[in-house]
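*Asks:* Each chain, written out:
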Amino acid sequence: MLFWFLLLCVQLMLGWIRASELTFELPDNAKQCFYEDISIGTKCTLEFQVVTGGHYDVDCRLEDPDGTVLYKEMKKQYDSFTFTASRNGTFKFCFSNEFSTFTHKTVYFDFQVGDDPPLFPNENGVTALTQMESACVSIHEALKSVIDYQTHFRLRETQGRSRAEDLNTRVAFWSIGEAFILLVVSISQVLLLRSFFSDKKTTTTRVGS
Amino acid sequence: MEMKAVVSCTGLMLLFAWLSPSQALYFHIGETEKKCFIEEIPDETMVIGRYRTQLWDKQAGSFLPSAPGLGMHVEIKDPDAKIILSRQYGSDGRFTFTSHTPGEHQICLHSNSTKMALFAGGKLRVHLEIQVGEHTNNYPEIAAKDKLTELQLRVRQLLDQVEQIQKEQNYQRYREERFRMTSESTNQRVLWWSIAQTIILIITGIWQMRHLKSFFEAKKLV
Numbered sequence: 001m002l003f004w005f006l007l008l009c010v011q012l013m014l015g016w017i018r019a020s021e022l023t024f025e026l027p028d029n030a031k032q033c034f035y036e037d038i039s040i041g042t043k044c045t046l047e048f049q050v051v052t053g054g055h056y057d058v059d060c061r062l063e064d065p066d067g068t069v070l071y072k073e074m075k076k077q078y079d080s081f082t083f084t085a086s087r088n089g090t091f092k093f094c095f096s097n098e099f100s101t102f103t104h105k106t107v108y109f110d111f112q113v114g115d116d117p118p119l120f121p122n123e124n125g126v127t128a129l130t131q132m133e134s135a136c137v138s139i140h141e142a143l144k145s146v147i148d149y150q151t152h153f154r155l156r157e158t159q160g161r162s163r164a165e166d167l168n169t170r171v172a173f174w175s176i177g178e179a180f181i182l183l184v185v186s187i188s189q190v191l192l193l194r195s196f197f198s199d200k201k202t203t204t205t206r207v208g209s
Numbered sequence: 001m002e003m004k005a006v007v008s009c010t011g012l013m014l015l016f017a018w019l020s021p022s023q024a025l026y027f028h029i030g031e032t033e034k035k036c037f038i039e040e041i042p043d044e045t046m047v048i049g050r051y052r053t054q055l056w057d058k059q060a061g062s063f064l065p066s067a068p069g070l071g072m073h074v075e076i077k078d079p080d081a082k083i084i085l086s087r088q089y090g091s092d093g094r095f096t097f098t099s100h101t102p103g104e105h106q107i108c109l110h111s112n113s114t115k116m117a118l119f120a121g122g123k124l125r126v127h128l129e130i131q132v133g134e135h136t137n138n139y140p141e142i143a144a145k146d147k148l149t150e151l152q153l154r155v156r157q158l159l160d161q162v163e164q165i166q167k168e169q170n171y172q173r174y175r176e177e178r179f180r181m182t183s184e185s186t187n188q189r190v191l192w193w194s195i196a197q198t199i200i201l202i203i204t205g206i207w208q209m210r211h212l213k214s215f216f217e218a219k220k221l222v
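Protein chains in written order, with the UniProt record's numbering: chain A, 1 to 209; chain B, 1 to 222.
Hint data in this document are derived by calculation from the structure and do not stem from the laboratory. The reader is advised that the hints may include incorrect statements.
If you want the ones that stay clear, here's a sample from chain A, every Cβ over 10 angstroms from chain B, calculated [claimed, not checked]:
#, residue
1, I40
2, Y56
3, R194
Taking lysine-lysine and the DSS-like style, the derived pairs with C-alpha atoms no more than 25 angstroms apart in a straight line are [to be verified]:
#, chain 1, residue 1, chain 2, residue 2
4, A, K92, B, K34
5, B, K34, B, K77
6, B, K35, B, K82
7, A, K31, B, K34
8, A, K31, B, K35
9, A, K76, B, K35
Rough simulated footprint, nothing fancy, chain B against chain A, three-plus residues with beta-carbon under 8 angstroms [as the list claims (entries may be wrong)]:
#, segment
10, 25-38
11, 143-149
12, 152-165
The structure presented is a predicted model; accordingly, all values stated were derived computationally and were not measured. We put the beta carbon where it would ideally sit given N, CA and C, even for glycine.
Build the full structure now, drawing on both the sequences and the hints.
*Replies:* The following block contains the structure:
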């Protein structure tokens, strides 16, 4: 029972799993910033992908607490950036769609801070694992990367699917619009031609000049 | 004695689970601004969201530790744009839902500030954490409840992960079907509308010629 209590204490001290994965909509001419407090020496990864909108590109910028730009890319569709926090403080990363005038974008990002907390922390810290346990750990890591690949595949598939749905509605509207324009143009052509010849008595000199 | 310790441990763990995120990602929103996040998830997936808000103090020039008197309204829509959760929470809150249809769910947050958008110059700092699927499982709690050994807990975690992968693959099959249906519908539309437009073109051409011919005959020009 003491073990459980110690386990609880360690769990309390470890805090939450620090991986934030969010998908949000970025309107045109807008910028959205996210902040996170990170302690020195923590290895962090920022991964982002544009899901829908325009040319599927966005500006991304990552700054450390001093304002030094650690990562800056313009009009990127997908990227992954790993860094180690050089100092304590609030790190800031921003996504900007300010170059776009009317397309709003949907952006997905995954910000991983540190490693996942150990599942079953031991009182003495890291001890040797049995063969079964280390096999479980490697399966766990492999499954994590499978889930990660699945997420990225899903996002790419969403891109293709929303383009196809857009095309579908656009084909319908354009076809109806074109048929309508066709009818209007042909009827007005006939009416215009008739109007050239109907005032024959007063405009005989003007016709044919 | 042991039972009491287990119960108190579980109670403490549950209490901790309820505490808002102190170290999560945060962002700023205006007082009356609405911020939405999209979660594309398979069906029967549990989602837990936790947030904490801080209000900007103009006098002090910094953020207060909490947002007194200000609550947050959480609205969750399912892929068919039907509202599945629409509730007001306090300045710190926790919301949870389970999806019943696969697709894009939208989680929207806005504060219940009654000020007009023009006058509400305040800023809110929102700490947010959303956990989906197998990340919602609290393994130490499961271990305590079912009395699992370390190996059993690891295997349980692997089982949960594999279950999530299976659900995602099922969802993938459903999405591919939708994509295929959309493509086939586009194909049909292009085909039929092209035929229709060609027919309209030919008919209007014939009508034009016949109409003009009879018009010129009437005018004795032909």
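*Asks:* So, for every hint listed, does it hold in this structure?
*Replies:* We went through each hint and held it up to the structure:
1. I40: It holds; I40 (chain A) is separated from chain B by about 15 angstroms at its closest Cβ, greater than 10 angstroms.
2. Y56: Given a closest Cβ separation of 16 angstroms, the condition holds.
3. R194: violated (6 angstroms)
4. A:K92 / B:K34: holds (21 angstroms)
5. B:K34 / B:K77: holds (14 angstroms)
6. B:K35 / B:K82: Cα-Cα ~18 angstroms, so holds.
7. A:K31 / B:K34: holds (15 angstroms)
8. A:K31 / B:K35: This hinted pair holds, its Cα atoms lying about 13 angstroms apart.
9. A:K76 / B:K35: holds (24 angstroms)
10. 25-38: Our answer is that it holds, as 7 residues pass the Cβ test (under 8 angstroms) against chain B, meeting three.
11. 143-149: holds (count 4)
12. 152-165: holds (count 8)
Consistency with the previously given hints fails for number 3 only.
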